[in-house]
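Trainee: Residues per chain are reported as follows:
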Amino acid sequence: MDWAATLPSTVGAVLTRHVHLIRSVALGDATTLQNGALSVSADEAAALLSAPCLADVRVSWASPGDAVRIVKVLDVVEPRTKGAGGGGIFPGWLDDTVDVGGPVHVLRGAAVVIAGYLPRAQEAVIDMSGPAAELSPFGSTHNLVIEFTPAAGADWAEVDDVLRRGSLALAARLAEASLDVEPDLVEEVLDPAPVEDLPRVGAITNLQTQGVFKDVFVRGQSFVGAAPVLIDPAEIDAGAVVAGQYGHPSLRNSTWVHQNHPVVAALRAAHGRGLSFAGVILSPEPVSAADKQAVSIAAAQLCADAGWDAAIVTKEGGGNADADMALKMDALEELGIASVGLFAEMAGPDGTGPPIVVPPEKATAMISTGNYDTRLSLPAMDRALGGDELALLGVAATSAMELPTAVILGALSPLGWSRLTCAEQPVTA
Amino acid sequence: MARIVHYLNQFFVGLGGEDAAASPPSSQLGPVGPGRRLAQLLGDEHEIVTTVSCGDDDAAGRPEAVAEIVALIEAAQPDVVVAGPAFTSGRYGLACARVAGAAKAAGLTAVAAMHPDNPGLDEAGGAPVVAVGEAARMMGPALDSLAAAVRKLAGGEPLTNADGLIGLAPRTPRMADRNAAERAVALVLARLAGDRDATEVPLPKFDHVTPAPPVDDLASATVALVTEGALVPDDNPGALESARATKWLRYSLAGIDQLPSGEWRSVHGGFSTVWANADPHRILPLDAARELEREGVIGHLHEEYLVTAGNGTSVANARRFGIEWAADLRHSGARAAILTAT
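For the protein sequence lines, the chains are U and V, in the order given.
Take the first sequence: its letters are residues 33 to 461, numbered as in my numbering.
Take the second sequence: its letters are residues -15 to 326, numbered as in my numbering.
Hints are computed from structural coordinates only; laboratory data are not their basis.
Note that the Cβ used here is the ideal one computed from N, Cα and C, for glycine as well.
Be aware that a few hints might be false.
Sample of chain U residues at the chain V side, in silico, Cβ under 10 Å [to be verified]: (1) Ala83; (2) Ala87; (3) Leu150; (4) Pro231; (5) Lys246; (6) Ala297; (7) Ala301; (8) Leu374; (9) Pro381; (10) Val389; (11) Ala397; (12) Thr406.
Cut-off 20 Å, straight-line C-alpha distance, at most; resulting in silico cross-link-like pairs (DMTMM-like, lysine to aspartate or glutamate) [to be verified]: (13) V/Lys231 x U/Asp341; (14) V/Lys231 x U/Glu434; (15) U/Lys394 x U/Glu434; (16) V/Lys136 x V/Asp181; (17) V/Lys136 x V/Asp147; (18) V/Lys88 x V/Asp181; (19) V/Lys88 x V/Asp63; (20) U/Lys394 x U/Glu365; (21) U/Lys394 x V/Asp181; (22) V/Lys231 x V/Asp219; (23) U/Lys394 x V/Asp219; (24) V/Lys88 x V/Glu118.
Extracted from the complex, chain V is given alone in its bound form (with noise of 0.2 Å):
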């Protein structure tokens, strides 16, 4: 009998959804949700033991809480973890992506499930990830892959591409035979002879975001100010990149109504910085959201700012450092956020 740990977030284990989407890591004995289903698919030389919850913002957000959540997994002694399908759930995919991933680092075996085009995929460190549909609408074919990956890891054999295993194809570096001029005249003989698929770059895929619905009542809401103009007090002391960032930082704004030249700068990279230095507030505008807060057009300014530099950063980057605003601010109580962008 294979003991079985399933990861799933505060909408999947029934406490609700957004409103429970700062719920801390918990635990209960059984399967729960869609895992009676998966339960029900793996049959009986398998066993769902224990069903490990945490809400969305909660889980991405907060540092500490995926080595809280692995505590739990590993607490109920697992032969295999399984999490999600978190479908194209950003900060569910994040966070079934970084379970997963701290739990093969300790030494257990792991596997998540979400779409291929899940921001989360790229953070789950090594653990297998099968591929799932878009949306909770596709959970019947998504617990039929999730099942069969399940015994053949608990049966100790590797997932393939077969089995739905999303292969993170690394493109890497080699010289070719032409230099690239040459072979882009090559490329345009080809496209002039009708071949409309040839390409050296497959295209991305980006997910197009729905933009949150507006906020019913801005003077009594937290706003926050957040920025990749790479703002940072004058020393710089969390070392922001001025280029090709792979981290973002947070500096409190609390009991502060200005911004000094000279005790704020921004190192961002990518444009000159003489005027954004000369007036910090070109970057990050405390000023005027301090006099709306004053005038009562905002309930409160969120009492710290988030900041990167955004200057050749990698979209994946980019793309994480999003999600990990949305669930930061969400858990921080803020209901809007203004970005400045350089």
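In isolation and in its complexed conformation, chain U is listed as follows (with noise of 0.2 Å):
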């Protein structure tokens, strides 16, 4: 971190992170972590999940390289905590202190996988290896997999939520491994205190929320129904945005990318430089046309208030959302705000048609993210985890398949954590 020393010093450091790089695992008879080599007690995460509406829970990994298929996959959650208990943690689940202070611990390249049939979930897939691995954000982690088998006539609902609070508990009693590790990184998270004479940039984050199995938690509660709200950056990397969205598997957030958000990160970095980080404001999409339109007029008016010169929009859905940021950014350049957006094309499986469902009228700067639509051909596996079969496809879940990049869980990128765009080809005649 040699650029923060180049920092005008009015910015401080309010959150330290002590990063542990995980460099193996394996399944144990404790939940240790030596020298990078993570060991975790099937027992004590399986506890952690236990509850009457769940008949069984399986912990199995994957790692990078190996043949395997995850499907089904639900939510993914970086293990970090600020201590032991899980205080100020994922607040508003293990605990209700809201604690933007550190240090916090990270198993950085682990992941709590949670994957299993829920209803309304889309069919979510990571491949640890081939094609498709360098798509996902989890394609490149050590992902512990909760498998679950629910109980008899249990209420699914009450299963997403037990899977949910259970998956926190766990990545945060995995991280507790780490407390007395010396760290192989120290992070100083700065405070995006103002730098004079910079334009300030913020980020707009959407969160799709749409009810039961298509909502997102902001410290504890359903976003459903919310105003945009500005939220401390700190709080994000302490886990105050918790994902319950299962719809496009591509075009999702899920907890580890909240955890880790890239464009915070982007403008943490370039903050001082060019311009001067304003903060974030979480914004939900609503269901119809009308709400859409108030909260991003509301969502712009906010960015004025706070005096931000331009924000980086992302979303999250499909092109549904796009009306989301469509609005948004329309409303952020009425008021004068330059507007730069996050989309994923959805252009067809040759890249030949529209890009863009729903497009801005007066704003203009966009980023792609890919085309939902690419076919990939995956590789046969020689493990599937999450489900025996492929719910799209009605194939064994270990077979070489053709599936489009929309199925590959996080790969186009809406909060901007992947490198895959699109670009036009040369027109050959």
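Hey, can you piece these two chains together into the complex? The hints should help.
Mentor: Here it is, written out as structure tokens:
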């Protein structure tokens, strides 16, 4: 972090990350971390998810390079804690403390992955090897995969809630194994204090909020019906935003991606170098057109009130969410605030169709995060986790198959994680 | 002497407008309508030997029509097949593109002409399409471009962008040097520095549809129900996709007054279908439509409904479905449609 020394002295660190790089993983008798080797007690992990609505919970590892396909992925969480017992991490779930102080202990390179059937969840795939592995953030993490069998007659919404609470508790518990271990890296997370004479640029993070199984939680509360709100990005680091949205796999922001918010990271890196990082606004994506319009105007006004000069707007979801993007970007431009949007293209398998479903009318600056419809030929795998069958195709989950990029979890990085993009191929007559 | 066969719609061969849009494929000797001017431009080394025509509704709405058109074309043994110009006309553009595409697939040399925004463009199946203006008032320059293209093709030369060839420049995936968030920051800085053109995604231009005039006499009109709500018979016999639909289906409503729960369901993947399946009329209001039919508010309810799933559907496919639905409904005599959306 040598660049931090070059920043104006008014910028102070408010959060410190103690980062442990996970190099190998195993199941063992106890949950321990030694020299980058994370060992997890399967019994302890399963116990954290134990509930009457679950008949069975199974725990296994999938690592980068393994011939493993994980299907029916629901959420992915990065192991983090602020101390024994989970205080201050995932506020509203494990503990009510909202604590933006540090340090936060991070197991980088490891992830807790919940995978299995839930109604309304769209089939979401992580491949640990082959061409899809580099497209998902989770093709390069050591994934502790939690599979489950609901109890007979269990209420699905309750199953969903238990899985979410359990996965967050497990993520915090894993990170506790690092509390007495010297970190590989210590990262100073800077307070985005204004820098004089530089344009103030912030992030608007749209969260897809359409009710049970398509919801996102902020400090433990459903964000359905909420107004756009400013949030300290250090809170997002501490897990204030938790995913519960199981639509559009490639265009879904898993909890892990919020914890590692790529737009926040990029703005922090540019802070003091051409711009002043102005903060983060979380905004819901409501269902009706009128509500989308109202929320967009409110979000843009909040940016104006906060004195922003420009905003990077991101989305979650398919074509419907393009409308939230377009309305918000246009509302910003109306107020004289420059806007840049991250869009996935939906241009058909050959990439010749119109790329955006609902384009803005005034705003023009858009980043392409790849094409939803690009076909991928995926190899056969030795092992499948999350289910035996790939729901979309009705074939064995281990078989070789062709899938659109749309099905690969996080591949179209709505929050900007990936390097995937699209560009026009020169015309050949 | 190169033999040219020209494809036109019912309007340009003089059969009539929408009243003749259902006319079937037919063939006549020599150039007709704009074909006469095209023949003049082409000069003595080319001869428009035959003009094949078809009504727009028939050509875009009846699956067998294109094959019948191509059979008439093949019978005239052309060296080059020319379709259009179709300008921005949707059904005509679709027909020209499909005719050119099918002719190419049959081993013929073919070219179509239409405006670059014509939704038919995607259907040309690899046959070259030459750009022309928006409407028939641009016929003069359109025929100039088309004649030049035909001369090149008849001479065995490929068309290039300089000939007005519309390049379906594909946007292909690749890995950038930096992630999307970092590129967004760079784009913000460019934008703040005054660059208003910088973008990675060119804005698509969408056509604006002029609404059809109101139905004069609803009490004598046939009204159709159409939906993107993916309501299908319970066993989904046509295997309609729940997302990214590539097709639409039709199901009969003949003799049916109700859509009982359990016999019909929505396979839509974009919303909770619990309430739709509890009462399928929430997606397809057959009960209310039958009531309006009994009361005489509408003349007749169309005997089948058209259905797709509007969830993650590409704009190109959605536009094609719309054109095909319009042609299909006109073909069947429906004069109004109620489109239920989810």
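Trainee: Hint by hint, say whether it matches the structure.
Mentor: Comparing the hints with the structure gives:
1. Residue-level restraint check for U/Ala83 is violated (minimum Cβ-Cβ distance to chain V is 23 Å; threshold 10 Å).
2. Interface hint at U/Ala87: violated, since its Cβ lies 24 Å from the closest Cβ of chain V, which is beyond the 10 Å cut-off.
3. For U/Leu150, the suggested interface contact is broken, since its CB lies about 12 Å from the closest CB of chain V, more than 10 Å.
4. Below 10 Å, beta-carbon pairs count as interface contacts, and U/Pro231 has one with chain V at about 5 Å; its hint therefore holds.
5. Here the hint on U/Lys246 is kept, as its CB sits about 8 Å from the closest CB of chain V, short of 10 Å.
6. Given the 10 Å rule on beta carbons, the hint for U/Ala297 holds: about 7 Å separates it from the nearest Cβ of chain V.
7. A cut of 10 Å between beta carbons decides the hint on U/Ala301: the least distance to chain V is about 8 Å, and the hint holds.
8. Proximity of U/Leu374 to chain V holds as hinted, the smallest CB-CB distance being about 5 Å (cut-off 10 Å).
9. The beta carbon of U/Pro381 is positioned within 10 Å of a beta carbon in chain V (closest approach about 9 Å), and the interface hint is therefore held.
10. Interface restraint check for U/Val389: the shortest CB-CB distance to chain V comes to about 6 Å, inside 10 Å, so the restraint holds.
11. At its closest, the beta carbon of U/Ala397 sits 5 Å from a beta carbon of chain V; the interface hint therefore holds under the 10 Å criterion.
12. A hinted interface residue such as U/Thr406 counts as satisfied when its beta carbon comes closer than 10 Å to some beta carbon of chain V; here the least separation is about 5 Å, so the hint holds.
13. Distance check on the hinted pair: V/Lys231 and U/Asp341 sit about 45 Å apart at the alpha-carbon level, beyond 20 Å; violated.
14. Our distance criterion of 20 Å between C-alpha atoms is met by V/Lys231 and U/Glu434, whose separation comes to about 19 Å.
15. This hinted pair does not check out: U/Lys394 and U/Glu434 have alpha carbons roughly 38 Å apart, beyond 20 Å.
16. A C-alpha spacing of about 36 Å is found between V/Lys136 and V/Asp181, which places the hinted pair above 20 Å, so the restraint is violated.
17. A threshold of 20 Å between alpha carbons decides the hint, and for V/Lys136 with V/Asp147 the separation of about 9 Å falls inside it, so the pair holds.
18. For a cut-off of 20 Å, the pair hint linking V/Lys88 to V/Asp181 is broken: about 39 Å separates their Cα positions.
19. Among the hinted pairs, V/Lys88 with V/Asp63 is consistent with the structure: their alpha-carbon atoms are about 11 Å apart, no more than 20 Å.
20. A hinted pair counts as satisfied when its Cα atoms are at most 20 Å apart, and U/Lys394 with U/Glu365 qualifies at roughly 7 Å.
21. Of the supplied pair hints, the one linking U/Lys394 and V/Asp181 holds, its CA atoms being roughly 12 Å apart against a limit of 20 Å.
22. At most 20 Å may separate the alpha-carbon atoms for a hinted pair to count; V/Lys231 and V/Asp219 meet this at roughly 17 Å.
23. Of the supplied pair hints, the one linking U/Lys394 and V/Asp219 is violated, its CA atoms being roughly 45 Å apart against a limit of 20 Å.
24. Between V/Lys88 and V/Glu118 the alpha-carbon distance is near 25 Å, which puts this suggested pair outside the 20 Å criterion.
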